[in-house]
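At position 61 of the sequence shown (counting the first as 1) the number is 100 in the working numbering, and the numbers step up by one without a gap.
Watch out, some of these pointers could steer you wrong.
What the hints assert, rightly or not - Derived Cβ-Cβ restraints for the label pairs, each shown as a range: (1) T184 / K107: 34 to 44 Å; (2) K166 / P118: 30 to 40 Å; (3) K176 / N58: 20 to 30 Å; (4) Q53 / W150: 14 to 24 Å.
Claimed, not checked - Taking lysine-lysine and the DSS-like style, the derived pairs with C-alpha atoms no more than 27 Å apart in a straight line are: (5) K93 / K60; (6) K120 / K48; (7) K48 / K93; (8) K218 / K48; (9) K107 / K93; (10) K93 / K137; (11) K218 / K176; (12) K176 / K93; (13) K176 / K107; (14) K48 / K60; (15) K137 / K176; (16) K60 / K176; (17) K99 / K133; (18) K133 / K93.
For the record, the hints were derived by calculation from the structure and aren't laboratory data. Predicted, not measured: the structure shown is a model, and the values here were computed from it. Glycine included, C-beta positions come from ideal geometry on N, C-alpha and C.
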Amino acid sequence: AAEKKETVKNLFPQGDMENEKIVPENDPVKMAVPAKDNADGWCGNPRDSLEFVKDAHSGKRALRITSKGEAVWLNRFVPIKSLEGTLTFWYKIKSPEKEGQLVFHMVAWSWEMLEVDARQTTILYLKEANDGRRWHKAQIDFYYTQPRDGIMLAPRIACEDASEIPVEWTIDDIEIIEKTK
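The task is simple: from the sequences and hints, build the whole structure.
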């Protein structure tokens with residue numbers, strides 16, 4: 040008998056950035072958390088730190104986050120409830136600095152209780168990827184135990200363990216694959 044091959048499905052097809060948008064934040068004190076009733080898009084603080092650009096890994100658009108060394112918070116709510124899986128994304132980094140790091144969190148999110156489980160994180164080191172031209176692939180293997188409304192994708196510059204550096208960080212083709220048993 041032939042063995043069945045499992046087809047993996049990207050739970051976040053919007054990660055190709057082709058139809059993504061920027062949405063307003065609900066409360067500036069919460070650092071770029073989108074409003075619950077308008078959470079279908081990227082929210083940033085400061086708002087002018089994010090834009091969509093034509094320099095895409097695939098397709099026509101990618102998300103670019105820019106900082107002159109000041110803190111940048113970016114969030115994108117994704118209403119998936121998978122407990123275990125893998126997130127991957129493609130990125131480019133361009134900075135005059137040779138050392139430093141950028142951080143990408145996955146935050147288990149409840150609209151009523153906010154963060155409800157440990158953050159899952161990947162750290163991107165400039166010394167390994169600061170060429171500004173080539174695409175690099177990052178991965179986060181996640182495992183959650185608490186019920187939630189979804190996850191918040193949360194790239195960070197100059198805050199939450201990310202270095203205070205001037206940088207352009209381009210992100211595209213985010214995929215979230217659920218682990219099935």
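Next on the checklist: Please check whether K176 and N58 have a Cβ separation lying inside 20 to 30 Å.
Outcome noted: The hinted range 20 to 30 Å holds for K176 and N58, with Cβ atoms some 22 Å apart.
Checklist entry - Regarding Q53 and W150, is the given constraint of 14 to 24 Å on their beta-carbon distance met? => result 19 Å, holds
Next on the checklist: Given the hinted pair K48 and K93, is their Cα-Cα distance within 27 Å?
Outcome noted: Measuring from Cα to Cα gives roughly 26 Å; hence the hint holds.
Item to check | K60 paired with K176 [C-alpha distance capped at 27 Å] | outcome: 23 Å, holds
Next on the checklist: Can you confirm whether the C-alpha distance between K48 and K60 stays at or below 27 Å?
Outcome noted: 22 Å, holds
Next on the checklist: Run the distance test for K99 versus K133: straight-line Cα separation, threshold 27 Å.
Outcome noted: 20 Å, holds
Checklist entry - Taking only the CA atoms, is the gap from K107 to K93 under or equal to 27 Å? => result 21 Å, holds
Item to check | Range agreement (Cβ of P118 with Cβ of K166, hint 30 to 40 Å) | outcome: For P118 against K166, whose Cβ atoms are near 36 Å apart, the range 30 to 40 Å holds.
Checklist entry - Does the structure keep K218 and K176 at a Cα separation of 27 Å or less? => result Between K218 and K176 the Cα gap is close to 19 Å, so the pair holds against 27 Å.
Checklist entry - Between K93 and K137, does the CA-CA distance stay at or below 27 Å? => result 26 Å, holds
Checklist entry - Regarding the pair K218 and K48, is the alpha-carbon distance no greater than 27 Å? => result 10 Å, holds
Checklist entry - Has the given pair, K133 with K93, been kept, meaning a C-alpha gap of at most 27 Å? => result 16 Å, holds
The structure fails none of the hints (numbered hints given earlier).
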